[in-house]
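K.L.:
Following this note's numbering from start to finish, the sequence shown increments by one per residue and tops out at 393.
Possibly wrong hints are sitting among the right ones.
Derived PhoX-like pairs (lysine-lysine); straight-line CA-CA distance at most 25 Å [to be verified]:
#1 LYS191 x LYS128
#2 LYS208 x LYS66
#3 LYS158 x LYS191
#4 LYS95 x LYS3
#5 LYS3 x LYS102
#6 LYS131 x LYS369
#7 LYS162 x LYS208
#8 LYS208 x LYS3
#9 LYS183 x LYS196
#10 LYS285 x LYS369
#11 LYS3 x LYS369
#12 LYS191 x LYS207
#13 LYS285 x LYS198
#14 LYS95 x LYS148
#15 LYS383 x LYS198
#16 LYS128 x LYS198
#17 LYS170 x LYS198
#18 LYS2 x LYS102
#19 LYS378 x LYS351
#20 LYS329 x LYS278
#21 LYS2 x LYS383
#22 LYS155 x LYS208
#23 LYS208 x LYS131
#24 LYS378 x LYS196
#25 LYS2 x LYS69
#26 LYS285 x LYS189
#27 LYS102 x LYS155
#28 LYS162 x LYS131
#29 LYS148 x LYS158
#30 LYS95 x LYS170
No lab work stands behind these hints, which were simulated from the structure alone.
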Amino acid sequence: MKKTLFHSLTFPPDTISTGMIVSEIADGINSELNNVEVLASSPQYNIKSAESFNHSEEILDDGIYKNIKVHYIKSKLRKFSNSSRFFQWIDFNFKSILFIYKNRSQYDNILIFSYPPTMNLVCIFTSKILKINTVYSLWELYPEIAEKLNEQPNKILKLIFKFIDNYALKNVNQVVVNSDELKNYLINKRKITSNKIKVVNHFSPFKKSDYQPNFELNNIFYAGNTGRPQNLSSFLRYFEKYFPSEWQLDIYGAGQEFNILSKFSTENIRINSYLERKELENITKDIPFALISLDYEITFEGFPGKTFDYLNMNKVLVNFSNPNSAVSKLIDKYGLGFNIDLDNPESLERKLQDMKNSDEINKIQENIKYFLQSISNKEIAFKSYLELISSSS
1 MKKTLFHSLT
11 FPPDTISTGM
21 IVSEIADGIN
31 SELNNVEVLA
41 SSPQYNIKSA
51 ESFNHSEEIL
61 DDGIYKNIKV
71 HYIKSKLRKF
81 SNSSRFFQWI
91 DFNFKSILFI
101 YKNRSQYDNI
111 LIFSYPPTMN
121 LVCIFTSKIL
131 KINTVYSLWE
141 LYPEIAEKLN
151 EQPNKILKLI
161 FKFIDNYALK
171 NVNQVVVNSD
181 ELKNYLINKR
191 KITSNKIKVV
201 NHFSPFKKSD
211 YQPNFELNNI
221 FYAGNTGRPQ
231 NLSSFLRYFE
241 KYFPSEWQLD
251 IYGAGQEFNI
261 LSKFSTENIR
271 INSYLERKEL
281 ENITKDIPFA
291 LISLDYEITF
301 EGFPGKTFDY
311 LNMNKVLVNF
321 SNPNSAVSKL
331 IDKYGLGFNI
341 DLDNPESLER
351 KLQDMKNSDE
361 INKIQENIKY
371 FLQSISNKEI
381 AFKSYLELIS
391 SSS
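Work the whole structure out from these sequences, hints included.
P.N.:
In structure tokens form, the structure reads like this:
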């Protein structure tokens, strides 16, 4: 019997949310098929775990996670400059292709998760050259997101990259996206066949919190990446200008713009280093509101994974992103919190009143409960992926 291979940049013992989600989907499918293996990078974020991998000349180090065999491609810790990061991705993908070619006879399904954007090279190799059933799970869309952030390469490289990405999308067997907005864009702009694309909501890979926040507190927190797409500095300026002085904002993070954010520290704004999930959950257990911040130019191109972690921590969402973004529309559709509009500060007063209205909060909490039970959870997600590979058999 051939096996199903999951291919992801991040995977435990890295505790990055994207890798944790992949691990839970793999665990769910393995519980049904008992034939899953994983190909991933050695830890790039978790320094302590990275040090535990031996330093031999071999490019692979095998391990076990929840009874799943994991092949770790040895990598250096995450780079933060764009050029260094790009070459780190290329190195990882080149070694991935070598591994898959060497072991091509063992797998009849490969699930490839899109971060980093150069994963499309692996998609082309597995689907077009090796003719293996390939499911491409697309979590961020390049080069569109780079264009929105003014980080795109020169025009020729951009056209080449978009051609390669579209070639991958058209040749894989199935494409999975995390929002209707991204699906519609792929259909209308990238001309990908509608019946090839499936929408699967993300979910939190962590155990649901037992803590119930204190909605008497005027406190918001943010936890996660402090990079360019999050554009937290824009929200900090908004917070300083428009939020009443009794409100408190706590940020726990790491990333490209962390040092810039540190300059905003005041009595009402506290900038803290990144915390592991368990410690974060404990230190923020009383805080009622959790911040989603996304650059206003981003709409369908990216979706903040922390959205689902916050809901799993029983937090009400405060969203600072484009009203037309996929995350804004999700919050509106299911009533999961409050969307704050940068271009309409006059509406903030009403939002702040609603954030202290017990009836409104109770309604949102019921909406969150329904959402986690019926729309966004591990079982729904892994069964959706399982259907895709089962239908190809």
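K.L.:
Would you check the hint for LYS131 and LYS369, treating anything up to 25 Å between C-alpha atoms as holding?
P.N.:
42 Å, violated
K.L.:
Can you confirm whether the C-alpha distance between LYS285 and LYS369 stays at or below 25 Å?
P.N.:
18 Å, holds
K.L.:
Quick one, are LYS208 and LYS3 close enough, alpha carbons at most 25 Å?
P.N.:
Distance ~31 Å between LYS208 and LYS3 Cα, so the pair is violated.
K.L.:
Holds or violated: LYS2 and LYS102, Cα atoms, limit 25 Å.
P.N.:
Between LYS2 and LYS102 the Cα gap is close to 15 Å, so the pair holds against 25 Å.
K.L.:
Does the structure keep LYS329 and LYS278 at a Cα separation of 25 Å or less?
P.N.:
29 Å, violated
K.L.:
Between LYS158 and LYS191, does the CA-CA distance stay at or below 25 Å?
P.N.:
18 Å, holds
K.L.:
For a C-alpha distance cap of 25 Å, please report whether LYS95 and LYS170 respect it.
P.N.:
Answer holds: LYS95 to LYS170 is near 24 Å, not above 25 Å.
K.L.:
Measure nothing beyond the straight line between the CA atoms of LYS95 and LYS3; if it is 25 Å or shorter, mark the hint as holding.
P.N.:
With Cα atoms ~20 Å apart, LYS95 and LYS3 stay inside 25 Å; holds.
K.L.:
Taken at face value, is the distance from the CA of LYS155 to the CA of LYS102 at most 25 Å?
P.N.:
Violated. LYS102 to LYS155 sits at ~36 Å, over the 25 Å cutoff.
K.L.:
LYS208 and LYS66 were given as a pair; does the straight-line alpha-carbon distance stay at or below 25 Å?
P.N.:
19 Å, holds
K.L.:
Within 25 Å, alpha carbon to alpha carbon, are LYS128 and LYS198?
P.N.:
20 Å, holds
K.L.:
Hey, LYS155 versus LYS208, does the alpha-carbon distance stay inside 25 Å?
P.N.:
At roughly 45 Å apart (the allowed maximum being 25 Å), LYS208 and LYS155 break the hint.
The structure fails to meet hints 6, 7, 8, 11, 12, 13, 14, 19, 20, 22, 23, 26, 27 from the earlier list, while all remaining hints are met.
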